[in-house]
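Now for the letters of each chain:
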Amino acid sequence: MALDAKIPEGPLDKKWDRYRFEVKLVNPANKRKFDILVVGTGLAGASAAASLAELGYKVKAFCLQDSPRRAHSIAAQGGINAAKNYANDGDSVHRLFYDTIKGGDFRAREGNVHRLAEVSGNIIDQCVAQGVPFAREYGGLLQTRSFGGAQLSRTFYARGQTGQQLLLGAYGALMRQVANGQVELYPRHEMLDLVVVEGVARGIITRNLLDGEVEVHTGHAVVLATGGYTNVFYLSTNAASCNVTATWRACRRGAFFANPCYTQIHPTCIPVHGEHQSKLTLMSESLRNDGRVWVPKTPGDKRPAEALPEEDRDYFLERKYPSFGNLVPRDVASRNAKQVCDEGKGVGETGRAVYLDFADAIKRDGEDAIREQYGNLFDMYERITGENAYKMPMRIYPAPHYAMGGLWVDYNLMSNLPGLFVLGEANFSDHGANRLGASALMQGLADGYFILPYTIGGYLVGASLPAVSPDHDAVKEAKAAASERVHQLLALQGKRTVDEFHRELGLLLWNRCGMSRNEAGLQEAKEKIPQIREEFWQNATVLGSDGELNQVLERAGRVADFLEFGELLVEDALHRHESCGSHFREESQTPENEALRDDENFAYVAAWEYQGVGQSSRLHKESLQFEDVKPATRSYK
Amino acid sequence: MNLTLKIWRQKSPKDKGRLVTYMAKGISPDMSFLEMLDTINRDLILKGDDPVAFEHDCREGICGSCGFMVSGQAHGPLKGTTVCQLHMRHFTDGDTLVLEPWRAKAFPIIKDLVVDRSALDRIIIAGGFVSVDTGSAPEANALLTPKDNAEIAMDAAACIGCGACVASCKNASAMLFVGAKVSQLALLPQGQPERERRALSLVTSMDDAGFGNCTNESECEAACPKEISVRNIARLNREFLRASFSHPAK
Amino acid sequence: MSWFTKALKSSVGKKFVLGLTGLALVGFLIEHLVGNLLLYKGADSFNGYAHMLESSELILPAELGLLALFLVHIVLAITVTVGNKSARPEVYSMYASKGGRTLASKTMIYTGILIFVFLVLHLVHFRFGVQSLDAEGRRNLYAAVLALFRSPVYVAWYVLAVCLVGLHVSHGFQSALRSIGVNHPKYAPALEALSLLFGFLFAIGFSSFALWAHFFKGGS
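Residue numbers (my numbering), protein chains in the order written: chain F, 1 to 637; chain R, 1 to 250; chain U, 1 to 220.
Next comes chain F alone, as it looks inside the complex (with noise of 0.2 angstroms):
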C-alpha cells in the first residue's frame, strides 16, 4: 500500500495557507454535531479538546490519571521553542525548521516540519495570553536561552518547570470549556481498544479505574493523544503510567506504527543506582548551557573529581566538537558519554557515569546567579544523590527519554485508519530520527492548538459518518475482547509479579536496542522477546478483582502490550540498516565513530502493519522527498 503524505503542493512556506484556505469547513452550527473522542491530556491532547470545544464540537476528554493536569507533560523541564527572533540573533521560520529537520537527522518531512514552524510563534502568544509565567527581562519583555542542538536563543521558559506551567495553561483552557459543557471529562479511564466500524475509527473502549467498568465510547473521530512508549525500556525518564497501550492496540486494530526505533535517549539524567530503582530522573539539559562535561583523560582512573587536575581531565564534548561544544544535539552527547564509559573512563561506583561541571561557570558568574537559574534542578540532584553540585560535579547518564516514533499520520494528522487522529508524542511526525530539545512542547500545543482544529474540520466536513449503534458487531466484538482481556489478565496466578517481566523486557532492549545496536544484539533481542512474553501469560500474578481500583491489574495490561510492542521495535530497529539520530547501527559509522546514514536506501519512514502476535509486520515504506533542504551528514563540529 503506498502511504500518501498529503502534503499540500507549492512552496514550502506556502503550503500551510494553501491548505487552510483549500481545507472544507465545517458550518459552525453542524459543530456542535459531531462528538469527539480526545484520549489523553497532556499538551497535546488537553490543548486538541479545549480548541475543538470553543469551535463548537462534542468533546469528551479521558485521562487516566485522577486529573487531567498530571499528564507526564508536566515534566518537561527546559522550555518550548519559538521562532520568534526576540534576540535579535538571525531566528527565522525558515531556521527553525531547517535546525529540526536537520537534528532530526533528515528523517522527517519537509511539510510538517516547516508547518511546525510557522505556528511555533502563535503557541507563544496563546500561553502568554493564558497567564503562563514565562521568565521576563527587567523591561518586561520574554526572555530566552538557548538550549540543545541550537546557536540561538529561541527557546521560552518558566524556570526549569516550563511543561508544567504550558500544562496548566492548557489545562485551565480545557477545564474552562468544562464549565461551558463543551467538554465532559472521564478522568481515571483508561483506553482499552479502538473500535472500528467498516474501516473508520468511530469509538473507543475504556476501562474505569475506580469500578472496572468496561464502557463505550463512539463518536465521530477519535483523537489519540496518549504521549510515547519510552517506558519500554522499564527505567526511563517517563512517568510510571506512561504507556504504548492507547497506540499499540489501535495498531492492532489496522493503524500503522512508523519508525519505532528512532528512540531518544537523554544525555543528562541522574544515573543508575540500585536494582529497585523505578525510574531514572532527567535534569534539564539546559545544565548543558554552563556545566561542561568531561570524564578523566586515562581509563581506570578512580581520584575523585578535586583530585584531577585540568591536564588530566578530558571534555571530550568541547575536543570533539568544538563549534557546539557542550550543545551538541541529545544523541550525540548520550553517544558520546557512552563511549567513553565503554572505553572504561566512566566515573561513579558503576563507572556508568560522566561529570557535569559547574565550577567554572560559578568562578565567572558567581554561585547565586548559578542557583537563580538552575536552582531546582540543583536541590532536585541533592535531594536524589544526597550531594551538592554548587561544591562538586554532578555525575549524569543518558537515559531513555522520549519516542520520535509512533502511529503514522498524514499531514492532517490522520493515521491511515480514517477518523483516527494522532497527537503529540504519539504519532511519528516531526522529529525525524532525533528531537532536539524544547521541541516536544512546540510540537505537541502545534498538533492541539493550531493544526488538528483546521485539519478534522476538513475530514468530517467530507466523510459520512451515520451514527454507529453500541448493538454494532464492530462494538460488540471490540468490547467483548476488551472485557476478555482483563479476565485474562486476572487469571493469571504464576510466581512473578508483572514488574519483573516489565524489568527483564526492559534491560534487554536497553542493552541490545538502546544507544546503539548491533545485528546479533537486535537478533537476540528478536528471539528473547517473544520468549518473555510467553513466560508473562504463564506465570506472572495478577491479584484482586475487576470491580475495583486495582493498580497491578492496570500495570499488567499496559507491560503485556510492552511485551508485543517490543518485537515491533526491535523488528524496526533491525531492518534500518543505517545510523541516523538516536538509531545507532555499530555496523553503520563513519571512521571517526559518527553515524553514518544511508539516504540512498533509507530516506523513507517505515510504517508497519500488525499481522498478529508473534507474527512479522508487514512494512510499508513513505518515502521522503526534500524539496527545500539538501539532506547533509550532520555534523557539529
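In short, the hints are calculated from the structure, not lab data.
There could be a bad hint or two in this list.
What the hints assert, rightly or not - Calculated cross-link-like contacts (lysine-lysine; reagent style BS3-like; alpha-carbon spacing at most 25 angstroms):
| hint | chain 1 | residue 1 | chain 2 | residue 2 |
| --- | --- | --- | --- | --- |
| 1 | U | Lys14 | R | Lys79 |
| 2 | F | Lys58 | F | Lys479 |
| 3 | F | Lys495 | R | Lys14 |
| 4 | U | Lys85 | R | Lys105 |
| 5 | U | Lys41 | R | Lys105 |
| 6 | F | Lys495 | R | Lys11 |
| 7 | F | Lys495 | F | Lys391 |
| 8 | R | Lys105 | U | Lys186 |
| 9 | R | Lys14 | U | Lys9 |
| 10 | F | Lys495 | R | Lys105 |
| 11 | F | Lys15 | F | Lys58 |
Given chain F's structure and the hints, the job is docking chains R and U onto it.
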C-alpha cells in the same frame, strides 16, 4: 536498614479501614520512599496478598499524584519535598512509620492511601484560568509584565495540586491551593479582566466542596512540597474582599 | 442572598469579621491597659478615671458596642471551629507539625474559651460587684482591686488568665491582619513582631497589677 510500617488499609470507600503493621527489611538508604513501598508490595504480591494502593506517577515531584501522611506529616519529614522524592537516607534503622491517607471531607478515601482529589479540579473549573480562545491571543510581547511580578506569579504557579496543604491543615482548608491560583493570575496583566469574578467564584467553589476555614497557622506552607507562601492566602483574602465590595455584578 | 451576606457567610468573610472584631478588641485591651496604669498613681486617680467613664453619656453605647464585638467574635469563632471539625470527620491517628503551627495558634479556641470564662468573672467582680463608695462618692474600685488580689489563688488565676490573653493575642493579631488581607513582604515581619509584642505587653502589663496589688499593697 529495617523499618516497621503501620499502613492504613481500606478496601473501598465504604470499608472501615485500619492500620496494619508490615516489616520493611533490607532497605537501602538510596531508595526513594516509594521504592521502599514497591518492595513491600512485591513481597505482598508474591505472598498473594493485596498490595498497598498508593498514587504516584512521575516520581520526580512535579505531577502531584503522590502524597500521604508519613508519621503525621504530609509527604514525610523533609521540607519542600514530595514523598516520591523523599529518600530513605533520612530515616534510621529501626524506625516505626505510620502511613495514612490525606484525610478531609472533601477528599474521600478510595482505597488504602488513595483519595479522591477531584474537588481541586472543580475549584479550577469554577474559574481558575484566563478565558482566551485559541487563536485570539495578542502578540506575546504586547503586554509588558514586570519581572518581579512574573517571579512572584511563578512562585504561586509552582503548585502541583497534590493536596498536602489540605491534608496538613488542622482545618482541612484549601486556602493555599486557591490562594496560589488566584495570586498567580491576579499578579499578571493577563489575569486582570477576570480578577474579581475569579476570586469570588473560586472561594464559593472551595466552600461548597466542604473544605475548612483558614486559621492562619501556616502549616500548609510548611508542608507544601513547593514551599508556596501563605502570603498567597492573604492576597486571596484581599482579592476576595475587594471583589465582594467592588465587583459591579450583584 | 444579597452580595453582602454572601460575602460575610463565605469562609473568607467569616474570618474577615472575626479578624476585624479581634483587632477592635485588641484596641480595647490597649485602652484598658493604659487606663489601669492609673492604679499606680493612687486611689483618687483610678477611681476618678473610672467615674469619668461610667458617668459619660457614651458609656451605654460603648458598652453595648463592646458586648457586640465580643459576641460576634465568640459566635464566629465557634462557628468556624465547628465548620473546621466537620471538614475532617475522621482524624489522623498520628499527626505532627512540619513547622507552621505554634502553641498560640493551635490553642486559639481553648484560650478563647478560658478568656471568656475569665471575662464573665471579671465583669461580675469589677463591673457589677463593686458597690462600696469612696470619700467622694465614687465606686471604690481601687479598694476592690486591692481586696481581691489579697488572695494568692485569685492572683494566680488572674495572672494565668491574662497570660492566656497574651498568648491569644500573639497569634490573633497577626492572624487577623492576614484574614483582612494585610500581608506585604516589607511589613509582614514587623507586624508579626508587633503581634508578639502585644501578647507580651498584655500578659506582663495586666499581670503587673495583680502582682503589685498582692505583694506591695496587699500586706499579705
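### Query
Can you list which hints this structure breaks, lowest number first?
1, 3, 5, 7, 8, 9, 10 and 11
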